[in-house]
Amino acid sequence: MKFSKSLVSALVAGVAAASFASGVMAQEVDAAKDLMKQNKCTQCHGMDKDKDGPSFKKTAAKYKGKADGEATLVKHLTSSPKVKLADGSEEEHKVVKTTPPNDKAQVTNLVKYILSL
Amino acid sequence: MWEKLRKPSVKYSLIGLLSTGFIAGILFWGGFNTAMEATNQLEFCIGCHEMRDNVYAEYKETIHYSNRTGVKAVCSDCHVPKDWTHKMIRKIQASKEVWGKITGVIDTPEKFEAHRMQLAQNEWNRMKASDSRECRNCHSFDAMSKEKQRGTPYKKHMAAKAEGKTCIDCHKGIAHKLPKEYEEPEDEE
Chain W
1 MKFSKSLVSA LVAGVAAASF ASGVMAQEVD AAKDLMKQNK CTQCHGMDKD
51 KDGPSFKKTA AKYKGKADGE ATLVKHLTSS PKVKLADGSE EEHKVVKTTP
101 PNDKAQVTNL VKYILSL
Chain G
1 MWEKLRKPSV KYSLIGLLST GFIAGILFWG GFNTAMEATN QLEFCIGCHE
51 MRDNVYAEYK ETIHYSNRTG VKAVCSDCHV PKDWTHKMIR KIQASKEVWG
101 KITGVIDTPE KFEAHRMQLA QNEWNRMKAS DSRECRNCHS FDAMSKEKQR
151 GTPYKKHMAA KAEGKTCIDC HKGIAHKLPK EYEEPEDEE
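Quick mapping for you: the protein sequence lines, in order, are chains W and G.
Start counting the first sequence at 1; every next residue gets the next number (the working numbering).
Start counting the second sequence at 1; every next residue gets the next number (the working numbering).
It is worth saying that the hints were derived from the structure and are not from the lab.
Don't be surprised by glycine CBs; every beta carbon is placed ideally from N, CA and C.
Hints may be right or wrong, so weigh each one.
[Stated by the list, open to error] Reference listing, derived: stretches of chain G covered by chain W, where coverage requires no fewer than 3 residues with Cβ under 8 Å from a Cβ of chain W: (1) 146-154; (2) 171-180.
[Said to hold, decoys possible] Derived DEER-like restraints, expressed as beta-carbon distance ranges: (3) W/SER116 with G/GLU123: 33 to 43 Å; (4) W/SER116 with G/THR69: 33 to 43 Å; (5) G/LYS161 with W/LEU85: 15 to 25 Å.
Use the sequences and the hints to build the structure in full.
See below:
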């Protein structure tokens with residue numbers, strides 16, 4: 001009886017923690033998607049499809065699991081580096097705009113979302 | 001009263017009456033236009049907290065508010081037609097917005113967010129219907145320089161011109177936040 005009681009409370013705590021975590025996750029994913037939308041990222045990057053830039057899934061595959069993957073992508077989105085487009089031309093990548101301006105946490109959240117694809 | 005008004009004047013000369021009418025007309029017209037211009041000022045628009053705390057705050061972060069060359073577009077430059085006929089039609093339509101202000105349709109941030117999609121959609125439809133007339137007061141496909149515009153935007157602008165697209169087809173949410181319900185078309189080039 002005692003065992004099952006603690007099992008139940010452990011289960012309840014587990015479920016609560018999981019639902020809390022997924023709640024936070026969902027919120028973070030929504031924030032990332034919104035930032036992506038506000039910055040019109042998909043005009044040059046498809047989710048699965050390459051456009052002028054590579055698809056997000058391709059980027060995720062390239063940087064996922066790499067120690068400096070997240071930092072590299074955050075730098076990519078905040079420092080307007082020169083990038084090579086699909087047609088071979090070179091251009092400066094747009095800096096991701098946030099509200100309030102230059103909020104690195106929002107960009108990092110976006111990078112985390114892209115890496116999760 | 002009508003009887004008196006319809007009778008010819010016995011006291012005033014025709015030239016006196018015409019001159020008075022002419023001057024009164026100029027004063028009335030000047031006053032009317034001054035009032036119209038006053039309601040086109042940015043300060044007038046942000047006199048209401050609904051505009052000041054939502055769309056104005058967002059616009060202040062964008063290129064139409066602050067940029068390299070100092071050319072600025074205020075609310076009315078994009079939202080009120082310049083030519084007289086369309087301006088009058090828009091001003092009359094704006095009476096509905098005054099009613100909205102009185103009844104408090106968007107008087108809290110939550111209410112504003114709840115209506116954002118509908119408000120944006122109204123404006124996108126208006127711009128689409130006029131071939132983005134207010135954008136074209138300053139921007140035109142023909143004035144875009146291949147040398148001075150970056151490659152990708154130039155390519156996209158020329159493709160859009162060939163396809164008969166208009167500014168607002170691609171440039172939604174450039175001065176204000178896009179509504180949460182809005183989905184960017186995945187295949188938009």
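Evaluated hints:
no. : hint                               : result
1   : 146-154                            : holds (count 3)
2   : 171-180                            : holds (count 4)
3   : W/SER116 with G/GLU123: 33 to 43 Å : holds, 34 Å
4   : W/SER116 with G/THR69: 33 to 43 Å  : holds, 40 Å
5   : G/LYS161 with W/LEU85: 15 to 25 Å  : holds, 20 Å
No hint from the list above goes unmet by this structure.
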